[in-house]
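Read off the chains here:
There are 2 protein chains.
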Amino acid sequence: MTQLETPPISEETPLTDVQTAHAKAIELGQHMMRMTTASGSGHPSSALAISHIVVQLMYRTMRYDLNDPWSLANDRFVLSIGHAVPAVYAAYADLGGVIGTDKGSARKLTVDDLWQLRQQDSLLDGHPNPAEGFPFFDAATGSLGQGLSVAAGLALSARLDGIHKKVYCVIGDGESREGQVWEAADFVVDHKLHNVCAIFSCNGHGQADSVSLQQSADALAAKTKAFGWHVIEIDGHNPAEIAEALDVVGTVDKPVAIIARTVKGWGVDMMLGANFHGKPIPKDKLDEACAQLVETGEKLGATAAEAWSPESPSAINRAEAAVKVSLPSFEDAMKRAGLESALEKKKLATRVAYGAALVALGDVDKRVVCLDGDVSNSTFANMFQKHHADRFFECKIAEQHMVTAAAGMAAAGKIPFASTFAKFVARAADQIDMAAISRANIKIVGSHSGVSLGADGPSQMAVTDVAFFRSMTRVDTGGGRIGCHLFQPSDPISAYRCVELMANVDGMCYMRTHRPDAPFLYDLNESFGLEGFKQLRKGDKLTLVSSGYMLHTVLQVADTLAKQGVACNVFDVYLMPLEADAILAAARSAGGTILTVEDNYIGGLHSELAEAAAACGDVRVHGMTARRMPKSAISAAEVFTHVGVGEAYILEKATSLVQG
Amino acid sequence: MTQLETPPISEETPLTDVQTAHAKAIELGQHMMRMTTASGSGHPSSALAISHIVVQLMYRTMRYDLNDPWSLANDRFVLSIGHAVPAVYAAYADLGGVIGTDKGSARKLTVDDLWQLRQQDSLLDGHPNPAEGFPFFDAATGSLGQGLSVAAGLALSARLDGIHKKVYCVIGDGESREGQVWEAADFVVDHKLHNVCAIFSCNGHGQADSVSLQQSADALAAKTKAFGWHVIEIDGHNPAEIAEALDVVGTVDKPVAIIARTVKGWGVDMMLGANFHGKPIPKDKLDEACAQLVETGEKLGATAAEAWSPESPSAINRAEAAVKVSLPSFEDAMKRAGLESALEKKKLATRVAYGAALVALGDVDKRVVCLDGDVSNSTFANMFQKHHADRFFECKIAEQHMVTAAAGMAAAGKIPFASTFAKFVARAADQIDMAAISRANIKIVGSHSGVSLGADGPSQMAVTDVAFFRSMTRVDTGGGRIGCHLFQPSDPISAYRCVELMANVDGMCYMRTHRPDAPFLYDLNESFGLEGFKQLRKGDKLTLVSSGYMLHTVLQVADTLAKQGVACNVFDVYLMPLEADAILAAARSAGGTILTVEDNYIGGLHSELAEAAAACGDVRVHGMTARRMPKSAISAAEVFTHVGVGEAYILEKATSLVQG
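Here the protein sequences come in this chain order: A and B.
Heads up, the first sequence is in the working numbering, so the first residue is 132 and it goes up one at a time.
Heads up, the second sequence is in the working numbering, so the first residue is 132 and it goes up one at a time.
Hints may contain errors.
Said to hold, decoys possible - FRET-style restraints, in silico, Cβ to Cβ: (1) A:L344 to B:H295: 20 to 28 angstroms; (2) A:D384 to B:T147: 33 to 41 angstroms; (3) A:E783 to B:G171: 52 to 60 angstroms; (4) B:L344 to A:C747: 55 to 63 angstroms; (5) A:Q251 to B:K478: 36 to 44 angstroms; (6) B:K323 to A:D400: 55 to 63 angstroms.
Everything labelled a hint here was simulated from the structure, so no lab data went into it.
Beta carbons are placed, not taken as given, at the ideal position from N, Cα and C, and that holds for glycine.
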């Protein structure tokens, strides 16, 4: 047992507040049970465990405007333990908070809405899902352990905006096994986000079994203390203790962790004892369960009060979306970033061009912020750090947290660029998935993509990232947005303009940059659009298509073939989803065959063009991808050869296709 | 500053051991610098920081056979901080340890081999990479924070095999920011793996900047203590303190965490001070750097000793690979698992069939172990737990750790099945990538895949997993293996046989199971092979292809069309990579058009068939995938409709294709 730092219960806490809090918890608890029974699924027991915490937060402690859940002035509530959401829905309906996908369609949530929980046309999704119309939340949760990172991102944004608000995050004991919780705990301390409050609901029950002793209330108290938090242990169903603990937030020079001992299925005998997880009360038991809860309230002297309502701060409007950003000329940006020499040499790594673009973007758009995972001198995010230090946030080696914190910042109107090695972006695959569900306007940048980095070997090489991100590129996420734009610039000029495109797209983007220097392929003032491709060579024998650093080898092959009298089309696909029609048309006029070349595994460019071509049937597509597990070699060319996309192989394959 | 638990330095430690340890560290340190300079890249400074720890472990503390690194009896060394690998290569070369991809090609590593570091034909990869011929290691590392999970897996396997050995894991301070380290720390305590020792090298320097105070030696000592470890703080360059601390492992009733204060670039003045990270000493400074190191040694009284050699345990051979496993009949397996009623109803969810298959597999193969992430009552891994409790390992809500621990168990000859919701498998995307590099023989099972789970909503729906896993299905990982086999059974009988196929494939497999009950599609004794498909309907108008639970809707459409006189082929693709020729041939005889239907995002079945067809050009392929972000709805059919693959849409699309 660690030493408690709980302040003594104040004698001033009015008893009636305790009695009325119990009454509200009892009232809402019945809603929680009734709505999950109505939907035939859900988690009433986990919701009941946080009922008193939710009552205290949403009715008394939080300052927020029920009529304007979008206001940046509001205190925020991140429900990391997403499956407990019926507790929040019940409170928000009782309070009459506003729901809707935007202000135009906004209306008040009613108690009757609760009975539509989880229905296809309901705004109340199975887990927190703001994009479907519940803007009280900032991010989709339900894949566990991510909420504290969202809270950190919200708190960082508030500080940048000079807004004094608090961010409360309720976390389950079982979910605190997720390492990301501890990445976030470190970050909150590093960045002194003392307006963040983590509340652990320790009910001791997981899904399959009890929660490990490693996640007991005692253990969580010891851990949060070791992580540098101000720790308060409370009875999570004692309204006075909850209120006192929450009042500490912002008064101490540390973030506050409240370790709340809670009861799964609190107040309802039939849910206690054996583990009652993830299922509603059967219809024929519902009245009995509600009666048990009421009886529990009576024992506690629960007394219904006049209508409570949270205190509302003055509204702060979010910046208008869809502000079109224009970057200066490439030349000016290079000079601004101190890269004049690249203009002379006419070569520069795309990762460096990214850094220069980010500097320029930071100049013209104050919403742009940057996060990195201790590799900013490799991703060249350190150029942004140098010029816009107040908007650069070091996440250290914690990619999961970095992505989710970026999503939190995006929820508050920022445009976060988050970078690390492309290989390590995969650490956050599920966090990216969750950000996509949140429609988070985040921009992820993976450097050292593909195998061209050479000597470091496969543990640093991203070869599955293209397939992963491409999978989201055809998904309609509403409002004309798609799940992801996937950028693969081949040279510094296109990389520069891809950053501009990313800033102007509303929604998630991913850009791959590469380690080696790349020669300029484009005029300094070339413009790039969302069609996704450029034609670099014209020919009548074959159509070659590639992306990124790999493209340079393909151009060499095309030039060799040209010298042999075999003229080929060459296309640079810098963006997927690709408008492939023009490439197919060009291919039809050049023998009807396309050869794609990529230094990643399958599921990328080859799939993109094969899908387009196979729907027509009059263009053949052959794909060369990394077909052998990479290993270290000194040069990019050697690794290309090792995995099967060396220059000689491409030449051989292209020649065989031309000869048919 | 936390209270130290370091035992006092014993007066019995012979001084000569200290002097000779310094001498060995000095000797090896020069190798580290020379090999990285020779390769033109690498991390000599991080390697020097662990030089004394490596000397103590590899020359004195560890019991292992230099001539048989494959022996299960050996103590193991997991280098989580993979970029420090030159330290291990130097020691292993000095000791003359055996390298090679198998015993047939084994030979002793020599000091001359070191100068080939990172070359394409070298067995010494840039980061630990056992599959390329360095079997002293059990898993590829270099993507940080994963080593302790490998160590846990190795320790669990040793316990199962009744082998008393120790597993040492060296972790960087910066990398301990990765949440997975703390997932592993919890697991080691939960499972009382007191033969695991974590050694944190705290040199205070990251890549881009200093390590956060949250990862200082003091902080790591406080954290590991809070996580329930026995903590010892030492000077990581004091041979006597290192030896004393390592001697504690196995003598206390906790796992031991050694917090070692180390110096990045130890002993070499030119690497101290400013952060010297991830780069070799320039050629023209190499002699000077080596001289500085020698001088450091002289100040410490370093004295070269007679050749040291580690103590060798008696060899324990690994189980023969490629033991063919045969499961009993489906009927017998159902009865064994208490699922007779399913035989009568002729329907069962594929996830339940998975559980039954795992029970049967556990009966016939003792190498099979099972891990789950607190959802075993959803994945039905709890059926294995019930029947084979000693081989079931609860990982709690920590998917990253689960996958890497499984890889660790596989390295010791086990066949681990690791399960969670398919959505949460993405938490471990990079860990899966690393396991693929290790050629780990792990089987990952994701339940509730696709959108058919309905009411829980998108935070529980796996829609990118097919693209991710398919990307690895065409990669040659050597020895006739491929990166991944991706199984998507549609009914319980095929699910049962897919588990058998997974057990018999050497290498990573992923299987998607589904939440809803699925009717039997196959004879109880149907057999399934690696060709990957079954034809369920024959027709001459159109060819429909699907997988998993989605297939049942496609069959309904085919039957509706058949009633309209439109006979369609229907193929069930239960495995990728798919041998697509037969499907293409059938399509050619049926109007030349294929329609694929999937309830996941793009990059799966549609890509697989489009790529095959586009290479030929005489078959058209159209794909229906989830094209809209899913949300909650009560039934699978409603979500199918919401995302664009509802029965009516499929019928409409199929009809339009038939009508041309």
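**Prompt:** So which hints don't hold here, by number, going up?
**Reply:** Per hint list: 2, 3, 5 and 6 violated.
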